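Chain by chain, the residues:
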Amino acid sequence: MMPGRRFLLLLGAVAAGSVLSLQSHRINPYFLDVAVTVAINVILAVSLNLINGYTGQFSLGHAGFMAIGAYIAASTTMFWAPGLLPAASSPGFIGMAVFPAALLAGGLAAGLAGILVGAPSLRLKGDYLAIVTLGFGEIIRVIFRNLESVGGALGLNGIPACTNLFWTISMAALTIYAVTSMVHSTYGRGFTAVQDDEIAAEAIGINTTRYKITAFVVGAFFAGIAGGLYGHFKLSIDPRGFDFMKSIEIALMVILGGMGNTVGVIIAAILLTLLPELLRPVAEYRMMLYSFLLILLMLTCPQGLFQPRFFRRLLSPFLRGSAAPAEDPPRPA
Amino acid sequence: MESFWLILAIKGVMIGSIYALISLGFNVIYRTTGVLNFAQGEFLMIGSLAAASVHGKGGVGMGTALLLGVGAAGLTGALVDRLAIRPVRHSPPVVLVIVTIGVSLVLRAAASLIWGTDPYHLPPMSEGHVTAGGVQIEAQSFWILGVAVACMAGLALFFQRTALGRAMRACAENPEAAGLCGIDRGAMSLLAFGLSAVLAGISGILLTPLLSMSYDRGTMLGLKGFASAVLGGLGHPVAGVAGGLILGMLEQFGAWFSSAHKEILALSVVIVLLLCRPQGIFAR
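Just so you know, the sequences run in chain order Z and R. Each residue of the first sequence is one higher than the one before, starting from 28 at the first, in the numbering used here. Each residue of the second sequence is one higher than the one before, starting from 35 at the first, in the numbering used here.
Keep in mind the hints are simulated off the structure, nothing from the lab. Note that this is a predicted model, so its numbers are computed, not measured. Ideal Cβ positions, reconstructed from N, Cα and C, are used throughout, including at glycine. Hints are supplied without guarantee of correctness; some may be wrong.
Unchecked claim - For the chain Z half of the interface with chain R, some residues (derived, Cβ under 8 angstroms), not all of them: (1) Pro147; (2) Ile158; (3) Gly162; (4) Glu175; (5) Gly178; (6) Gly182; (7) Ile275; (8) Met314; (9) Met315; (10) Ser318; (11) Met325; (12) Cys328.
To be verified - With beta-carbon atoms standing in for the labels, derived distance ranges: (13) Z:Ile231 with R:Thr196: 40 to 46 angstroms; (14) Z:Asn184 with R:Phe176: 55 to 61 angstroms; (15) R:Gln313 with Z:Ile231: 48 to 54 angstroms; (16) Z:Leu143 with R:Thr151: 45 to 51 angstroms; (17) Z:Leu301 with R:Thr196: 43 to 49 angstroms; (18) Z:Phe120 with R:Phe291: 51 to 57 angstroms; (19) Z:Gly232 with R:Phe291: 55 to 61 angstroms; (20) Z:Ser212 with R:Leu198: 54 to 60 angstroms; (21) Z:Leu262 with R:Lys296: 41 to 47 angstroms; (22) Z:Pro56 with R:Met254: 45 to 51 angstroms; (23) Z:Arg33 with R:Leu244: 55 to 61 angstroms; (24) R:Gly188 with Z:Leu143: 50 to 56 angstroms; (25) Z:Ser212 with R:Gly105: 45 to 51 angstroms.
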């Protein structure tokens, strides 16, 4: 895709977002809710895809970044901005001027944490990195739970309702635009190089350290923005909302969509957000279904659903024997 | 004041021996199959809840309940190996880790459906306490210590002296060669998961009289067992036991400073060690 076309798509999405937002009183509130949730999950999944998919690092702490974004953004609109500018506490001003700044602040704070969490990726890979990022995510959550100034275990309530379709759709489009532009640029080929073969990438002069940290920082930044949107949409946040399950949910979207496959990941994020809505009658089994899905995916197609190979495998019983895809290469000892 | 430190130390050893047992379970699986099993804490939880529910609600005698609990845990372990681990045995480690995390979530959800979300209790194996040095020590503590030592000794004998134990070690040492020698690696993996789940079930049952157990408590305990194993160096069961005792002590004395951040301690230990000394603190 040409960069120009990509940019036009971004503008189109922002325009569509503003139109929908202006007409939002005509939309069924339930659909509005679902649409906002879908967009937030798309941001989370696409940003994690930069780390896990394109750069090949395995992070299981995305909910931690989201928590940082949510808490920092909510603190900005609730405490810091009214404290700095007492006149700025009118809802309209908060919605138009303070909210974007709050989102940015949340994103930047999460990005900073991304440096910290990304640093281990320089020394660890695979399962060990997954464990360390998981640990970081949990530590972030426990810290917020013990922070009485933001409500501790009870959570933070009374966040102004600033999130609307315009902000979520625009931010989702911006995330997709930023990530795809990055990885499809000359500079961005380095991410894929790090994923494909780190030693070879280093040998041809790619600064793998910089790419890994960049992936973590950019991924965390957008997760932070998603957190800010989430907080100003739910109007209350509590640490349990950002637990390990949330990280797994996001990781599942990336795995389902196929690591490093943005379109697949977007489809997966949409599907996995709609699925629980459809399964509402059996809500208590939701987590179980998710987990089963995760295991099943890992057993059958760790490469993700949305690629030709999966459909070939699905159809292979009906095709000739030669069409069956090769088995995965054995794990190196 | 002296007795205060003594109490902390004794508690540390108690909790530490539980962590040591969980870390042993981790190492049994890791050494035989190379899998980092994140469902270890769930095996523990299932063993404990199964025993507590048949004892409390079913009115089954204590001994039978314990056997049932340990059996339920072992069976779960074996099933997990057959249904989830075996099909992906040749996948990269990340895939295996995700699968075990998925398994732990399934087990957690299943447990919350079977046993509900309320905590369960088990009475201590024997009532009363012993007074020594001005400190009251609960009888349950001796049970924990005794069973933990017995399990460790039994396991050491099993791995050193029996043909089966040696075959399992061979699988860890060199899977290809072990296969060529006629060792059934699938069976060894099954055995490792069963054995490790039995160990986890035992530690869960020992722990329940001290802390109550509910469907979501296993994960954190499993993580602590993992932290102990990492502390000692993954794949070194004896060092892992020492790691468990160190972590137990650290936690008790750390809780004296700030109980709120107790959970962070184990996680921080894991992160710092994996980064700085992935071979464990005892390796030369």
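Each hint tested on the structure:
1. Pro147: holds, 6 angstroms
2. Ile158: holds, 7 angstroms
3. Gly162: holds, 4 angstroms
4. Glu175: Interface hint status for Z:Glu175: violated (10 angstroms vs cutoff 8 angstroms).
5. Gly178: Since chain R brings no Cβ nearer than about 15 angstroms to Z:Gly178, farther than 8 angstroms, the hint is violated.
6. Gly182: violated, 16 angstroms
7. Ile275: holds, 7 angstroms
8. Met314: holds, 5 angstroms
9. Met315: holds, 4 angstroms
10. Ser318: holds, 4 angstroms
11. Met325: Holds, because the Cβ-Cβ distance from Z:Met325 to chain R comes to roughly 5 angstroms (cut-off 8 angstroms).
12. Cys328: Hint on Z:Cys328: violated, closest Cβ of chain R at ~11 angstroms, above 8 angstroms.
13. Z:Ile231 with R:Thr196: 40 to 46 angstroms: Between Z:Ile231 and R:Thr196, where Cβ atoms are some 52 angstroms apart, the hint is violated.
14. Z:Asn184 with R:Phe176: 55 to 61 angstroms: violated, 48 angstroms
15. R:Gln313 with Z:Ile231: 48 to 54 angstroms: At 31 angstroms between Cβs, range violated.
16. Z:Leu143 with R:Thr151: 45 to 51 angstroms: Because 34 angstroms falls outside the window, the suggested range is violated.
17. Z:Leu301 with R:Thr196: 43 to 49 angstroms: violated, 54 angstroms
18. Z:Phe120 with R:Phe291: 51 to 57 angstroms: violated, 44 angstroms
19. Z:Gly232 with R:Phe291: 55 to 61 angstroms: violated, 48 angstroms
20. Z:Ser212 with R:Leu198: 54 to 60 angstroms: Cβ of Z:Ser212 to Cβ of R:Leu198: about 57 angstroms, so the range 54 to 60 angstroms holds.
21. Z:Leu262 with R:Lys296: 41 to 47 angstroms: Violated, since Z:Leu262 and R:Lys296 (Cβ atoms, about 31 angstroms apart) do not stay within the stated range.
22. Z:Pro56 with R:Met254: 45 to 51 angstroms: violated, 38 angstroms
23. Z:Arg33 with R:Leu244: 55 to 61 angstroms: Taking Cβ atoms as reference, Z:Arg33 and R:Leu244 lie about 59 angstroms apart, which means the hint holds.
24. R:Gly188 with Z:Leu143: 50 to 56 angstroms: For R:Gly188 and Z:Leu143 the Cβ distance comes to about 43 angstroms; the hint is violated.
25. Z:Ser212 with R:Gly105: 45 to 51 angstroms: At roughly 58 angstroms between Cβ atoms, R:Gly105 and Z:Ser212 fall outside 45 to 51 angstroms, so the hint is violated.
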